[in-house]
Amino acid sequence: MKLLVELNVEDPLYVTVELNGAIMERKNFAVISVKEGDEVEFLYFMGGGRE
Amino acid sequence: MLTDEQIERYQRHIALKEVGGKGQQRLLDGRVLIIGTGGLGSPAALYLAAAGVGTIGLVDADAVDLTNLQRQVIHFTPDIGRAKVVSAKEKMAAINPGIKVNTYQEWVRADNITGIIGGYDFVIDGTDNFAAKFLINDACVLAGKPYSHAGILRFDGQTITVRPGESACYRCLFPAPPPKDAIPTCSQAGVLGVLPGVLGVIQATEAIKFLLGKGDLLTGWLLIYNALQMRFTKVRVERNPQCPICGEAPSIKELRDEEDAATGCDLEKR
Chain X
1 MKLLVELNVE DPLYVTVELN GAIMERKNFA VISVKEGDEV EFLYFMGGGR
51 E
Chain C
1 MLTDEQIERY QRHIALKEVG GKGQQRLLDG RVLIIGTGGL GSPAALYLAA
51 AGVGTIGLVD ADAVDLTNLQ RQVIHFTPDI GRAKVVSAKE KMAAINPGIK
101 VNTYQEWVRA DNITGIIGGY DFVIDGTDNF AAKFLINDAC VLAGKPYSHA
151 GILRFDGQTI TVRPGESACY RCLFPAPPPK DAIPTCSQAG VLGVLPGVLG
201 VIQATEAIKF LLGKGDLLTG WLLIYNALQM RFTKVRVERN PQCPICGEAP
251 SIKELRDEED AATGCDLEKR
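Just so you know, the protein sequences line up as chains X and C, in that order. Going letter by letter, the first sequence gives residues 1 to 51 in the working numbering. Going letter by letter, the second sequence gives residues 1 to 270 in the working numbering.
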C-alpha cells in the first residue's frame, strides 16, 4: 500500500498489481510487502478509441 | 483450390514458407469477427480484408462522426452520418471483392453476443467501453472462443490474446470493471490518432497467426505500448485461480450486461 502511495497511484481501484508474475488480490494490498529484487508491475485499465 | 487471380493477389503470402498456398487457403476459409468498427477495428478490418480472410463479421451500431476520422481510417469524410458497418464493408469490398463481409448493425449485449460470435473462429475486441470489453471476455470464455483484447488511452495501449481455459483472460487481470464515477471519457482524455492503428494491426496479426496455426500467440502476456517513449513492454500474466469466470470457483456462470460499468474510454485517474 505504501508503494501505491509513494508512486502516487491515486486510486488503487484502477490498478491491478502483479508481484513476481502473480496477480495480487486487491483486499490484500494493505498487507503485502515487497522486498529487494521483487518485480512489481502496475497494470491499468484501458478502454478503447471509438469515441 | 486457389484461382490464378488469387495466386497473384496473395503472391507475397504464398512466398512465405509459413503461409504458402495451404496457409492462404486457411485464411480464405477463416472467419474472424471484429466487434467495434472504430479506431482498433478500422485497421484490423482493412488488413484482414487485404489478407484474404474469407469471412469477416463487423459489429457496430454507430454512425460515422467527424471526430472519428482522426483515427478511424476505414471511414472517409463523405461517410459522415452513415452506418459504420456499411461504410467499412464498402472499403473492404473495394480492397478485396473476393471476401465476404457480414454486418451486424447493433451493439453487443448479453442476449445477442453468443449467437453472433458462434459463427466465427476468432474474435477481435475493438470496442471502446468496459461494459462491452467485459461482456466480450465473458462470452468468449464461456463459449471457449479465442479472442484478442486491446485497450487504448492517450499515448498508451495494451493488448492480450485469450485462449479460454488455457491462458489468462481479461478478468484474470481485472476481475471487475472500474466504478462508474469520476472516469474521464475518451473525448476528455484524448487519444493519439495513430495509436489504435498500432494496436489494431497487432490484433489482426494475432487473428492471422491463429488461422494459420503458426508462431506464438500473445497469450499469457500483456503487451503494453507507450507511443511517447516508443516502448513496448511484455508483462507475464498467469491464469488467476481467483478469476471470477475462468478460475477454480467461478462466480460468473452466465452473461449479464455490466450496467454500472464506465462507458467512457476510461480510466487511470492521472
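There's no promise every hint is true.
[Stated by the list, open to error] Straight-line alpha carbon distances no greater than 27 Å define the calculated BS3-like cross-link-like pairs of lysine-lysine that follow:
#, chain 1, residue 1, chain 2, residue 2
1, C, K100, C, K253
2, C, K22, C, K234
3, C, K209, C, K145
4, X, K35, C, K234
5, X, K27, C, K100
6, C, K100, C, K22
7, C, K234, C, K253
8, X, K27, C, K214
9, C, K214, C, K145
[Unchecked claim] Pulled from the structure, derived: some chain X residues nowhere near chain C, Cβ distances all over 10 Å:
#, residue
10, L4
11, G21
12, A22
13, F29
14, V31
15, I32
16, S33
17, K35
18, E36
19, E41
20, L43
21, M46
By construction, these hints were calculated from the structure, which means they are not laboratory data. The structure displayed is predicted, hence computed values, not measured ones. Even for Gly, the Cβ is constructed at its ideal location relative to N, Cα and C.
Hint check results:
| no. | hint | verdict |
| --- | --- | --- |
| 1 | C/K100 with C/K253 | violated (34 Å) |
| 2 | C/K22 with C/K234 | violated (31 Å) |
| 3 | C/K209 with C/K145 | holds (15 Å) |
| 4 | X/K35 with C/K234 | holds (22 Å) |
| 5 | X/K27 with C/K100 | violated (48 Å) |
| 6 | C/K100 with C/K22 | holds (20 Å) |
| 7 | C/K234 with C/K253 | violated (30 Å) |
| 8 | X/K27 with C/K214 | violated (40 Å) |
| 9 | C/K214 with C/K145 | holds (18 Å) |
| 10 | L4 | holds (12 Å) |
| 11 | G21 | violated (5 Å) |
| 12 | A22 | violated (6 Å) |
| 13 | F29 | holds (14 Å) |
| 14 | V31 | holds (16 Å) |
| 15 | I32 | holds (14 Å) |
| 16 | S33 | holds (20 Å) |
| 17 | K35 | holds (19 Å) |
| 18 | E36 | holds (20 Å) |
| 19 | E41 | violated (5 Å) |
| 20 | L43 | violated (6 Å) |
| 21 | M46 | violated (3 Å) |
The earlier numbered hints that this structure contradicts are 1, 2, 5, 7, 8, 11, 12, 19, 20, 21.
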